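If you read the sequences in order, they're chains A, B and C.
Sequence positions in the first sequence follow the numbering used here and run 14 to 489.
Sequence positions in the second sequence follow the numbering used here and run -2 to 423.
Sequence positions in the third sequence follow the numbering used here and run 305 to 420.
Keep in mind that the hints were calculated from the coordinates and are not lab data.
In this text, all values refer to a predicted model and were calculated from it rather than measured experimentally.
Some clues are possibly wrong.
Just some of the chain B residues that point at chain A, by a computed CB distance under 7 Å [stated by the list, open to error]: (1) 101; (2) 109; (3) 111; (4) 132; (5) 155; (6) 191; (7) 192; (8) 275.
Simulated restraints on C-beta separations [stated by the list, open to error]: (9) B:326 / A:489: 53 to 63 Å; (10) B:325 / C:375: 21 to 31 Å; (11) B:382 / A:310: 33 to 43 Å.
In the EDC-like style, the derived pairs of lysine to aspartate or glutamate whose C-alpha atoms are separated by at most 16 Å in a straight line are [said to hold, decoys possible]: (12) C:376 / B:206; (13) C:359 / B:332; (14) A:488 / C:390; (15) C:420 / B:206; (16) B:351 / B:332; (17) C:376 / B:205.
Backbone N, C-alpha and C define an ideal beta-carbon position, used for all residues, glycine too.
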Amino acid sequence: MYDLAIIGAGVIGSALAYTLSAYDLRILLIEKENDVAMGASRANTALIHAGFDPLSESLMGQLNVEGMRRCYELCRELDVEHRNTGAMVLAFSKEEEETLEVLFQRGLANGCRGLEIISGQAAREKEPHLSGEVFAALWAPEAGVINPWEFTLAMAEVAVRNGAELRLNTEVTGLAREGTVWRIETGGEDRGIRARFLVNAAGVESDRIHNMAAPPAFQILPTRGQYYLLDRTVGPLVHSILFNTPTRAGKGVTVSPTIHDNFLIGPDSEIICDRTDTGVTRSALDEIARLARRIIPSLDVRASIRNFAGVRANSCHNDFFIDMAAEGFLDLAAIKSPGLTAAPAIARLARDLLEEAGLSMTKKEKWTGGRKVVRFKEIPEAERETFIRDHPLYGRVICRCEAITEGEIVAAMQREIPPVSVDRMKRRAGTGMGRCQGGFCGPRVLEIMARETGRDPLEIEEDGRGSYILTGRTKE
Amino acid sequence: MAMNPDYELVVIGGGPAGLGAAAAAYDAGLRRILLVERDLEAGGILNQCIHNGFGLHIFKEELTGPEYAGRIIDEIRERGIACLFDTMVLSLEDLGGVKRIGLMSMTEGYRHVTAATVVLAMGCRERTRGAIQTPGTRPSGILTAGTAQRYVNMEGYQVGRRVIILGSGDIGLIMARRMTLEGARVLACVEIMPYPGGLSRNIVQCLEDFGIPLLLSHTISRIEGRRRVEAVTVQKVGEDRRPIPGTEEVFEVDTVLLSVGLIPENELSRAAGIKMDPLTGGPYVFENLETSIPGIFACGNVLHVHDLVDHVTKESRRAGKAAAERVLGEKAGGDAPVIPLLPGPGMGYVLPQKIRKEDFEDSIRVFFRVREPRMTPGRILVRDGEKVILSARRPYMLPGEMDYVDLKPEILSAVTGDHLTLAVES
Amino acid sequence: MKEITCIICPQGCRLRVDEDRDFEVTGNRCIRGVSYGKSEVRNPVRILTSTVRIKNGSHPRLPVKSDRPLPKEDLMEAMAVLDEVELEAPVNRGDVILEGILGTSVNIVATRDMAK
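Produce the entire structure from the sequences given, and follow the hints as far as they go.
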């Protein structure tokens, strides 16, 4: 019997597990995929939003700035890759400039610091490749970029280290209230998992989970967004995050640097029927490229190294849905942008709501926080010689594009939540993230993972369950 | 900076280009040579190219990739040239003459060596799905042909049962045959251009021999499959290379092999500040294969993508010899006026891109690729201003075939303009 | 009448070879097409390249080739024979690893050295 079960190990579920792992609670984190951060938490724009965009009266507006500040703190505490780049909203006309003023005022109300409306000329001084047609811009110095799956993973790792239980490959198929306890059916052989409190952090599936526990209250409108990842060989394209001014026609696209110094452009926005459809389409990619070139005319998508899509949990309410929807049942649902940024604040709010609902919060006597990751690239020049003498595995580069060493791969396998597939390793060590997309290092990563776990290489998969890489041995 | 660098020459890369350069530099008189290879053994991509067809120009017989590699590795062994394996070059800097190279390996750790000259021979890598932006999902079972080749030929794994190949480059064609021989079913080879990318010999012996259709002017317009590839949609393309609606055909496959081009691997060169030619994807070089940084030379696929390893060997020998001449002070280089060599109409690229106007002793071999295929006879023209100074007949021209013309010393000495142009006669 | 592509040069002429008229070749743009067309239709042969299993080597497979061409139609059968071979390292380039495959006089030889 658990005190609390969280359904969904995305950024929200993991942030909550992290927050509550400090208390004397038996916590279970349930995830249907084979790793944390498998839904929108892994395929998004990877931004720390400053907080000028959401309406002040919305939950998004109330939680964004708090989440943003906490996000930076957590990144430092948990050694999560991030960079405070600042962001600009670009106005291409007088009319759009008026919208900047609205955003500026809203940002002030939401608690943003350092906002400034600057001229097109001043914007181009910050971003030399910016279109000459940019008329004015809203500068938001607090925005930044983050490694979203590492952020999720880091919080889940600390939770697991402090006693939270993570059950992967487990899909919730039904919920039933038995007296003062929830029984969670998972389709497996066990007779259900029992927990006193349940939290719905199921992302794009959160309306379905809600409907298992309470009368329908909201509907998820699965919204697909597609992206280009561009190689850093295009040069220093942008230094900060560039947004179009939102208009009635849409939000435009974002052009931003990534924490690995590549560039991300996207997303579009398309409501789809199949919540798992993360495919990309020619027409959407073409449109994204066209819109991005309006911002940076010299942008060349031939430097593309990957296209991907994420499905966001938008809802008919156009806001987060956070509510004790039934006894002992808390929805952290319909978490869309800026959900990644707001996650720590959502977790704080959830903690308060659960305590109010009767979950007793006693701090653990012993809680081990913090996290440290050795990244070869970050070791200062002067220390490399000694470090590698002491840790020879960090002297062998496996991923050439990103200079990731065997030491980093092996270390990732020894953490609290070890990777089970080549893509899971990519999310941890960064192997295959670069321009060759694992063409060189994929076979070697597979070999190291098989060696370290004693598994047959044929069993090592690419991504989720069933994504096998090898189909057999030759000559056998 | 110390006057005496650790090495006269450091060669970066132990594939055919690096091996050829190191041996030639030795033969030209250098003794303090270091060859650095990131893999556990020398030979580079040849080790996985187990098919035959290599070496007709250099060894006058038809060898397999490993045999060709074996022979040029022997040349290095016989000369006693020092090699470091399992070692990555992390940095290259020009310290005003002397070059400083950052090396790392498990056994020797992280350190720097210095060299009077450097030959870049890092080879190339394959274009990926991201580069061609194929729509659809992202399941497993989408590999570059070269990655598949490594798995099948060196590691002994089969990577698919029902396969479609996108792109008709030679590695893709070779893998169509290899996977068929190993029991897979290859359903088709799909090429977006109206002509094949690979040699006709490979079209015949790798596709036609096994009844594998070659679909020209077609592309894969969609990949399906949630976990593993389940199907692809193939469509005919128009002259704009865009899929034509209504021509969709679905192939049920579990594997997509990509053979859609190669890109010189020049991250190190770029970081060193070497000037790059966007047409070749490699450094700009002078007639002696020297890059924009004096004392740094380039050869093989890092310079421009070759179709024949024999050409790589020849080119790398020139680079090795040129590095030796630089060390031994036989060629001053430096201050001579420079004649740029530019690609004119119909020309994809030319190499070298710059010729130093000094006392020309030998002919200068100019490599080029044309932009469009042409199956009727035509001429390659070299112009000095308006004046045609060389005209060479070709029975046909194909972008897939690297070609060359030789500029004789007397032609070069007579140049009066400030640049030369190489073009296809219109 | 058989139609084949000439592989002597990249022009890839479509050759027509008439078996009934002493393998007369037409469609060739140069003289080299004639001899290629005749032999390719009379007796098509290929060098076979593949791998065999090897124990205790630096790699689990050793590349091999037939030292002379085999009849085209025998390639799959020869592959099946190679499936059964397992060697022990070390092996040297050029070592004969299988003599007279499929009862022919063609040997299978190693195409690289493989140390223990």
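Hints versus structure:
1. 101: Nearest chain A Cβ about 5 Å off; hint holds.
2. 109: Status violated, d = 9 Å.
3. 111: violated, 16 Å
4. 132: holds, 5 Å
5. 155: Where the cut-off is 7 Å and the nearest Cβ of chain A is about 5 Å from residue 155 of chain B, the hint holds.
6. 191: Because about 21 Å separates residue 191 of chain B from the closest Cβ in chain A, which is outside the 7 Å limit, the hint is violated.
7. 192: At about 22 Å, which exceeds the 7 Å cut-off, the nearest Cβ of chain A leaves the hint on residue 192 of chain B violated.
8. 275: At about 10 Å, which exceeds the 7 Å cut-off, the nearest Cβ of chain A leaves the hint on residue 275 of chain B violated.
9. B:326 / A:489: 53 to 63 Å: 59 Å Cβ-Cβ, so the 53 to 63 Å window holds.
10. B:325 / C:375: 21 to 31 Å: violated, 55 Å
11. B:382 / A:310: 33 to 43 Å: holds, 35 Å
12. C:376 / B:206: holds, 8 Å
13. C:359 / B:332: Not satisfied, since the Cα-Cα distance of roughly 58 Å exceeds 16 Å.
14. A:488 / C:390: holds, 9 Å
15. C:420 / B:206: violated, 37 Å
16. B:351 / B:332: Roughly 13 Å separates the two Cα atoms, so the pair holds.
17. C:376 / B:205: OK: residue 376 of chain C and residue 205 of chain B at ~12 Å, within 16 Å.
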